[in-house]
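Enquirer: Sequence:
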Amino acid sequence: MTTDAAPPPAGLRLRKRERTRLAITGAAFRLFAERGFDAVTVTEIAAAADVAPATIFTHFATKEDIFFSRGLDFTTGLPEVIDSATDGDLPVRLGEFFRRTITEVVTSDWASARAFARILLGSPALRRSYLPLVRAWQDLITNALLARSQRDEDTAEIALFSALVITTVSVAMDAMHIALATDAPARQVRKTIDAGLDRGFARLAGAYPDGLTAQRPPAP
1 MTTDAAPPPA GLRLRKRERT RLAITGAAFR LFAERGFDAV TVTEIAAAAD VAPATIFTHF
61 ATKEDIFFSR GLDFTTGLPE VIDSATDGDL PVRLGEFFRR TITEVVTSDW ASARAFARIL
121 LGSPALRRSY LPLVRAWQDL ITNALLARSQ RDEDTAEIAL FSALVITTVS VAMDAMHIAL
181 ATDAPARQVR KTIDAGLDRG FARLAGAYPD GLTAQRPPAP
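First residue of the sequence shown? That's 1 in full-length UniProt numbering, and the numbers climb one at a time after it.
Quick caveat, the hints were computed from the structure, so don't treat them as lab data.
Treat the hints with caution; some may be incorrect.
[What the hints assert, rightly or not] Pairwise CB distance ranges (calculated): (1) Phe57 <-> Ala205: 15 to 21 Å; (2) Ala125 <-> Ala175: 19 to 25 Å; (3) Ala163 <-> Gly122: 26 to 32 Å; (4) Glu153 <-> Pro132: 26 to 32 Å.
Backbone N, C-alpha and C fix where the C-beta goes; we use that ideal spot for every residue, glycine too.
Work out the full structure: start from the sequences and follow the hints.
Expert: Laid out in structure tokens, this is it:
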């Protein structure tokens with residue numbers, strides 16, 4: 001008499017899934033760095049990671065998703081920062097959050113950050129795919145602020161504020177990617193990040209001296 005083997009514990013399944021994801025992203029980035037993003041196929045990534053092509057699509061919807069999988073690192077904890085900030089110090093708190101998060105991601109692995117920047121700037125397809133990712137960050141900020149406000153009359157101002165925040169972050173990151181891709185010294189990369197964010201968030205704080213909700217239009 002035989003019995004079916006028990007399924008592996010949930011924790012073991014999660015660890016195996018994470019190992020597979022890391023194998024896929026590691027293989028993909030090696031190929032992207034060697035040949036450029038546009039020249040690499042999903043089939044080649046699967047072969048390099050020693051998985052079936054179908055396995056890749058259980059973890060990532062597209063090849064672009066593999067590349068941008070680290071993008072989540074830039075927004076982890078962002079809703080909590082928004083929720084805990086007072087209305088008046090919101091621009092300052094957001095500036096501190098993005099400076100800290102971006103710097104930590106870049107400095108934790110300089111080689112990967114430089115490879116990421118070179119691959120991104122070398123691929124028109126990736127630069128196009130970058131826009132929806134940035135818009136998702138903007139939507140995250142908008143939704144967190146709307147949840148905090150719970151006032152319909154704040155919607156337009158919150159949408160504008162979120163767009164200004166993400167424009168500031170995008171401009172700073174564009175300059176950072178250029179510095180990384182051209183092998184600027186680490187100190188210069190940090191200065192580039194700080195300068196871009198400081199300039200943009202100082203302007204943003206100046207535009208909202210009394211806080212975000214103080215910009216509400218007068219009641220008719």
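Enquirer: Each hint needs a verdict: does it hold in this structure or not?
Expert: Tested hints:
no. : hint                          : in the structure
1   : Phe57 <-> Ala205: 15 to 21 Å  : violated (44 Å)
2   : Ala125 <-> Ala175: 19 to 25 Å : holds (22 Å)
3   : Ala163 <-> Gly122: 26 to 32 Å : holds (28 Å)
4   : Glu153 <-> Pro132: 26 to 32 Å : holds (29 Å)
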